[in-house]
Amino acid sequence: MVKEKLREIAKKLFDEGKVKLVIGFEEGSLPMRASPAFIRSADQVDRLTWNSFCENNLASYLRYYVSSLEEGEAIGIVCKGCDARSVVCLLKEGQFKRDQVVVIGVKCQGMIDWKRIRDELAPEDIIEAKEEKNEIVVRTKSSEKRFKKSEYMYDNCKECAHREPVISDHMVDAQEGEVKGEEKWEKIRKFEQMTPEERWQYFVEETSRCIRCYACRNACPVCYCTECFVDSTMPYWVGTTLEPSDVQVFHLIRALHTAGRCTYCGNCTQACPMGIDIAFLVGKLSKDVEELFSHEVGVDPEEDPPLAAYSEKDTNEGFA
Amino acid sequence: MSEMNPYIPIPVTIKRAIIETDDKLIKTFDLVFNDKKDEERFTYLPGQFAELSILGKGESPIGIASSPTEKGFLKFTVMKVGLVTTTLHELEEGAVMGVRGPMGNWYPIEEMKGQNVVIVGGGFAFTTLRSLLIYLLSHREDYKDIICIYGARNPGLLCYRDELDEWAKRDDMKLYLGIDWKFGPEGPIEEAAAKGWEPVSLKDPTQTKLGKGKYKFTAFVPQLVQAVKPAAKNTYAIVCGPPIMIKFTIPVLTELGYPPERIVNSLEMRMKCGIGKCGRCNIGSKYVCKDGPVFTFKELQNLPKEY
Amino acid sequence: MKPKVLPTKELGAFVKELVKSGLVIGPTEVKGVTRYIPVTSGDELALEYTVCMSGPKGFLFPQNETLVQFEGYVNSAVPSGDMKEAKPQVLFGVRPCDARSLVILDKLFINEDYVDDYYKAKRDATSIICFSCNEPRPTCFCTAVGGGPFDTVGCDVSMSKVEDNYLLEAVTEKGEKLIEGLKDADPSLLQIKEKLKKQAAESIESKVDVEGLPQKLKGMFEDPIWQEMTDKCMGCGVCTYLCPTCHCFDIQDEAVDDKGERIRNWDSCMFPIFTYHGSGHQPRDKRHQRMRQRIMHKFNYYVENFGVIACVGCGRCITECPTNEDLRDNLRKLKDLEPSKVE
Chain A
1076 MVKEKLREIA KKLFDEGKVK LVIGFEEGSL PMRASPAFIR SADQVDRLTW
1126 NSFCENNLAS YLRYYVSSLE EGEAIGIVCK GCDARSVVCL LKEGQFKRDQ
1176 VVVIGVKCQG MIDWKRIRDE LAPEDIIEAK EEKNEIVVRT KSSEKRFKKS
1226 EYMYDNCKEC AHREPVISDH MVDAQEGEVK GEEKWEKIRK FEQMTPEERW
1276 QYFVEETSRC IRCYACRNAC PVCYCTECFV DSTMPYWVGT TLEPSDVQVF
1326 HLIRALHTAG RCTYCGNCTQ ACPMGIDIAF LVGKLSKDVE ELFSHEVGVD
1376 PEEDPPLAAY SEKDTNEGFA
Chain B
-15 MSEMNPYIPI PVTIKRAIIE TDDKLIKTFD LVFNDKKDEE RFTYLPGQFA
35 ELSILGKGES PIGIASSPTE KGFLKFTVMK VGLVTTTLHE LEEGAVMGVR
85 GPMGNWYPIE EMKGQNVVIV GGGFAFTTLR SLLIYLLSHR EDYKDIICIY
135 GARNPGLLCY RDELDEWAKR DDMKLYLGID WKFGPEGPIE EAAAKGWEPV
185 SLKDPTQTKL GKGKYKFTAF VPQLVQAVKP AAKNTYAIVC GPPIMIKFTI
235 PVLTELGYPP ERIVNSLEMR MKCGIGKCGR CNIGSKYVCK DGPVFTFKEL
285 QNLPKEY
Chain C
438 MKPKVLPTKE LGAFVKELVK SGLVIGPTEV KGVTRYIPVT SGDELALEYT
488 VCMSGPKGFL FPQNETLVQF EGYVNSAVPS GDMKEAKPQV LFGVRPCDAR
538 SLVILDKLFI NEDYVDDYYK AKRDATSIIC FSCNEPRPTC FCTAVGGGPF
588 DTVGCDVSMS KVEDNYLLEA VTEKGEKLIE GLKDADPSLL QIKEKLKKQA
638 AESIESKVDV EGLPQKLKGM FEDPIWQEMT DKCMGCGVCT YLCPTCHCFD
688 IQDEAVDDKG ERIRNWDSCM FPIFTYHGSG HQPRDKRHQR MRQRIMHKFN
738 YYVENFGVIA CVGCGRCITE CPTNEDLRDN LRKLKDLEPS KVE
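Protein chains in written order, with the numbering used here: chain A, 1076 to 1395; chain B, -15 to 291; chain C, 438 to 780.
Just so you know, these hints were derived from the structure itself, not from any lab.
A portion of the hints provided could be inaccurate.
Across the chosen pairs, the derived CB separations fall in these ranges [claimed, not checked]:
#: 1; chain 1: B; residue 1: His123; chain 2: C; residue 2: Gly583; range: 45 to 53 Å
#: 2; chain 1: C; residue 1: Leu774; chain 2: B; residue 2: Ala152; range: 30 to 38 Å
#: 3; chain 1: C; residue 1: Lys632; chain 2: A; residue 2: Pro1198; range: 38 to 46 Å
#: 4; chain 1: A; residue 1: Asp1174; chain 2: C; residue 2: Glu659; range: 33 to 41 Å
#: 5; chain 1: B; residue 1: Glu147; chain 2: C; residue 2: Val540; range: 45 to 53 Å
#: 6; chain 1: A; residue 1: Ala1383; chain 2: C; residue 2: Asp550; range: 48 to 56 Å
#: 7; chain 1: B; residue 1: Gly197; chain 2: C; residue 2: Asp550; range: 47 to 55 Å
#: 8; chain 1: A; residue 1: Lys1205; chain 2: C; residue 2: Gly449; range: 37 to 45 Å
All of these numbers come straight from a predicted model, not from anything done at the bench.
Glycine residues also receive a C-beta, built at the ideal position from the N, C-alpha and C atoms.
Here chain A stands alone, though its shape is the one from the complex (with noise of 0.2 Å):
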């Protein structure tokens, strides 16, 4: 089982006095959720736990953690797919080195969308889930209902194509079987097949109901400046109303920012509390970044990141 397995992992970490910290996952307050946690001695491993509410990117911690450690100190983290891609993108950034980071890497399943889920059973109240080998099971004041895992998987882990992180210093199988998801970019390439005004409108559409409360902003791993461009005065790039037109350049510009650096993790469209789709915005500019300089993003740790190198073989379409 994942979690016995983590909870080994760490304790011999502990004894071995390899780690002040490890990052994991506990089991949630709320049904169908896990909640991130922070180990720090032998006798807490026992919290740690593994299921499929796992859903947060916790390289968004690391930095934050890191910047604490002493020489020669580490810290252990449990890493999906996606959130390896991010370790393996921060590092590249220059914000930690490696040897300050113990991946326990987690070969993922998918993680559920608990709001989906939520939303369809509303406005009845969830009293408990239970997750079983297929299908989560819900039970609400007046009946039981049962979702199948892999419909109600979030559509970023549906087209996962890296399960298996690409970095760990340990290694744990999740449950049996390999999950059939969809292909990868299969949502993006359905959108791509959208006229430039129906995706204008599915863009201010969906923004519409943003609220400017930067939750996609923080829960991103890769968002982390200490001055973001909408807190500068100095110039006054966007405006801070919601006036459509300054939410619509904030998610514009935060997406061209992290361009070739999103891991598509999701965690961005999990933090937001208006259900926004923001993950597909910067999801389709990785795609794009992908395919024109022939760069997966946070696969390979030697690689440059693909907007700060330059190569020969880039293509130089618009320009002569």
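Given chain A, work out where chains B and C should sit, using these hints.
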């Protein structure tokens, strides 16, 4: 105040703008109300501040440097740090801007009546202390001894220099100026001495000889306070300056015997509304804009250490 | 005034009447997102949702509100108008927790120090028809912070669903005017309502106890528990944007050529630049300091200044937090903690 919307800036015109310091980062503005009625309504006391408003850019909370006894204008000394202050520095005489206020509480001028007053200031935080000093001098009979200790990194960074020379000549108050001994006018301490800035005794500042007519020293403000040794009995100490100066000056005053309720500070915080609504400037349950910015050290001891 | 009754199928007509005399704002659901927006008919109402994602606070204290309009360039701009006027509006179907949150905000915006005219103008023009909660959610804990599922604090009319009817009771004079055209209710409905009220209060599962916590928090400022509590917080700010009692705001100017507006926007103390000084000094640069500020503000500072806890137990911060930070757990930890001896 109750009828007027506290968020609307009152139009004022810049009558005079001069560069105050050699690094050109600090300017002093004299503002005149466009409407005489606004001027009559704007009654304030030393220690209060106002939000200087440039419609189109934003606002900045700045302590009022003029004393209410100086009629016809409001004086503000502003350092260039961000969008609003940079725009303000570029405005010329005759430009129209806005003022919201007066805001906050004031120095305890009533409680200080009949007592001695020691004013300790550092850098350009001296601005509201100028207001206080001029007020005290205008009501000279109400107060006993007045001592003013003011320090800056170097002589070029002292504010109100022509007024400082005037105050040094007065016989109803004592003025002591200090410049950081590491940063004398052009170099080491001997050169500063050659330009008239005497070093205090570094081994023990309390042993410094304060000769007649000598008021310029190379010393950090806390050391200068040690050298001057203002007596604590029946005396209020008003301390205003950068956090590091306050941190080292308060122990000196405490050692001289000043109880916490007679050490008075004026704090700074990032502010927006200035009237205790936007929730930004609080220390514990007190809003620096509304319940401050003047706090006694005793009040600060009761608040969380969060500034 | 005697309580009134409104059969459920006549709700639409009642709302249509209300719309004739002003704006009616009620809970709606669009694509899974529930929030309060203006409605024109009863069909748009989604009264079956116990707690909407965002509450009606934005109709008294909008997310973006123009404070001053001005004309002129930077060196000559003068105010040309302020937007204090307010149109009459009825907030319909507001849950008791949200109604209570408005009373809590009143204490800050309208007090003897300064009166926020923008808020006050809207407040005076607003009538509130509350809707009691027959089925509190698993995350609700209004009873622990001084509220209740059938509370009438802050309401002009208290509406409860009793079998196939809505029972409406006027709480204020304003409320009486709103429902005077309806039929009187049969006393038996009142009895059933009392039963439902008792059931609802008892069905609240969240075990939260804040008795004595405000006073205890005062001595806990330096306690290391704040660091541990904030481990998983991402500082995303969702909790503050959905919280019905959060009131922090930012003021920004936006101008094009010679016209512009000074606007206030909701802001969050969980963002690092909230307290960032122009000098570069940053009193709260660590996340746990900001979490501490949020909890201390709601459970201690607000109590010291205004005598009420600034939390209504609606549970939105709990259900929407991306990392499952649970306020109930945090409050429990704080209540149970032996304060460590820190100077």
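Against the structure, the hints:
For the hinted restraint 45 to 53 Å between His123(B) and Gly583(C), the CB-CB distance of approximately 50 Å keeps it satisfied. A hinted range of 30 to 38 Å is violated for the C-beta pair Leu774(C) and Ala152(B), which are about 57 Å apart. Between Lys632(C) and Pro1198(A) the CB atoms are about 22 Å apart, so this pair departs from the stated range of 38 to 46 Å. Separation of Asp1174(A) from Glu659(C) is about 34 Å and conforms to the stated range, judged on CB atoms against 33 to 41 Å.
Taken as a hint, the range 45 to 53 Å holds for the pair Glu147(B) and Val540(C), whose Cβ atoms sit roughly 52 Å apart. For Ala1383(A) and Asp550(C), the Cβ-Cβ distance of about 53 Å falls inside the hinted range of 48 to 56 Å, so the restraint holds. Checked against the hint of 47 to 55 Å, the C-beta distance between Gly197(B) and Asp550(C) comes to roughly 48 Å, which is consistent with it. Between Lys1205(A) and Gly449(C) the beta carbons are some 40 Å apart, a value that agrees with the proposed interval 37 to 45 Å.
Of the numbered hints listed earlier, those contradicted by the structure are 2, 3.
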